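Visitor: Chain by chain, the residues:
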Amino acid sequence: MKSHSRASEQLDEDLVLRVQQGDKSAYDLLVIKYQHKIVQLVNRYVKDPSEAQDVAQEAFIKAYRALGSFRGESAFYTWLYRIAINTAKNYLMSRSRRNVDMQVDVQDAEVYENLPQLQGQETPERELLSREIVETIKTAIAKLPEEMRIAIMLREFEGMSYEEIAQAMDCPVGTVRSRIFRAREAIDNKLNPLLD
Amino acid sequence: MHDDLMQKLSQFLDDELPPPEASSLLQKMRNHAELADTLRRYQVISHALKNEEASVSARPDFVASVSSRIQQEPTYLIPNAARHRVRHRRFARSHKIAAVAASVAVIAFVAHTQRPEPTGKVQVASAKVPAAQAASAKTPQDLYPVNQQINDYLQAHSSIYTNGQADEFQPYAQVTHYSQK
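Taken in sequence, the protein lines are chains D and G.
For the first sequence, my numbering assigns the number 1 to the initial residue and increments by one for each residue that follows.
For the second sequence, my numbering assigns the number 197 to the initial residue and increments by one for each residue that follows.
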């Protein structure tokens with residue numbers, strides 16, 4: 001099963017090339033393409049959605065600065081992910097140092113106990129919303145017509161390509177494309193009010 | 197918004213959209229907040245299905261914030277970027293070929309050096325060759341010297357001379373060879 005298609009890599013290569021040749025607007029397209037994935041990735045490390053936004057932004061800026069020496073030896077997205085992970089780790093280290101400095105300054109055992117550490121900073125409200133979102137999606141999937149449900153599950157759970165799903169379901173690729181889209185649309189209709 | 201565009205968004209999320217269409221869709225997303233927001237929700241769905249948890253997504257102004265910071269950064273001007281990349285790939289490919297050739301050479305060398313030595317019998321037989329005959333034995337190089345080989349080669353390939361076309365330019369090797377004659 002593929003993780004990142006050749007077509008996607010080709011698009012990245014073209015956009016990187018445009019940036020390297022002076023077209024800054026092409027970098028916006030790379031940011032649009034990867035923003036959510038990078039924020040998600042960074043959030044796994046910093047465990048604070050608000051700070052994850054800033055750290056992810058920093059990662060994109062660092063990637064831009066390093067783009068001049070990017071030679072395409074690895075795919076752009078793996079390179080960008082590496083930068084994002086390093087940025088997140090550096091951020092955690094500096095946050096940890098900051099906390100230690102504060103501890104030394106205050107010299108107070110009680111304050112020391114209550115200082116924010118590196119654990120997750122999920123609020124109960126956020127966790128509740130997260131659970132509600134997952135439940136809504138599960139319910140919406142269960143109510144989908146069987147062919148749509150199978151198509152989207154093969155895609156999301158098994159990571160199969162449209163071509164592979166078409167073979168598995170014995171139908172044209174165009175039908176797979178449409179079924180997956182219709183499934184997402186149906187789930188989105190249920191989810192939209194929660195996310196607004 | 198048209199279903200067609202939304203379907204493309206779904207394909208894009210799955211990396212199933214050809215690069216030119218994907219590029220055009222990304223351009224559209226820059227100007228259509230609704231399109232970008234739909235992608236965000238599709239990604240939330242995808243993440244929740246895989247991880248059993250709601251994902252965190254970028255803020256709506258994320259791209260604009262990065263973009264404004266990028267505007268303050270220097271612009272790259274690497275006109276040979278594409279050529280450099282192709283050259284790098286060719287270089288990597290030529291390295292692979294060289295590595296394979298070197299491996300074959302090493303294997304051949306090792307196989308050659310590990311061949312059994314000639315037996316004592318053969319050595320004894322050659323030892324019985326009379327000294328006079330041994331002295332007069334000639335190697336192929338003695339019988340057909342290298343210089344002679346080169347001369348023959350040059351003459352055989354001297355089509356210009358045999359065709360009588362040697363008007364102006366002559367390669368150095370030919371000139372020296374014929375002047376030595």
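Among the hints, a few may not be true.
What the hints assert, rightly or not - Across the chosen pairs, the derived CB separations fall in these ranges:
1. D:A75 x G:N343: 19 to 29 Å
2. G:P216 x D:A75: 16 to 26 Å
3. G:A294 x D:L195: 29 to 39 Å
4. D:E73 x G:R265: 40 to 50 Å
5. G:P256 x D:E73: 44 to 54 Å
6. D:N192 x G:K292: 17 to 27 Å
7. D:T78 x G:R265: 20 to 30 Å
8. D:G22 x G:Q345: 39 to 49 Å
Quick caveat, the hints were computed from the structure, so don't treat them as lab data.
Bear in mind that the values here come from a model prediction, so they are computed numbers and not experimental data.
We put the beta carbon where it would ideally sit given N, CA and C, even for glycine.
Visitor: Now look at each hint and say whether the structure bears it out.
Guide: Hint by hint, here is what the structure shows:
1. D:A75 x G:N343: 19 to 29 Å: Given about 58 Å between the Cβ atoms, the range is violated.
2. G:P216 x D:A75: 16 to 26 Å: Cβ of G:P216 to Cβ of D:A75: about 19 Å, so the range 16 to 26 Å holds.
3. G:A294 x D:L195: 29 to 39 Å: violated, 56 Å
4. D:E73 x G:R265: 40 to 50 Å: Violated, at about 26 Å.
5. G:P256 x D:E73: 44 to 54 Å: violated, 34 Å
6. D:N192 x G:K292: 17 to 27 Å: Given a distance of about 51 Å, which is not inside 17 to 27 Å, the answer is violated.
7. D:T78 x G:R265: 20 to 30 Å: holds, 23 Å
8. D:G22 x G:Q345: 39 to 49 Å: violated, 59 Å
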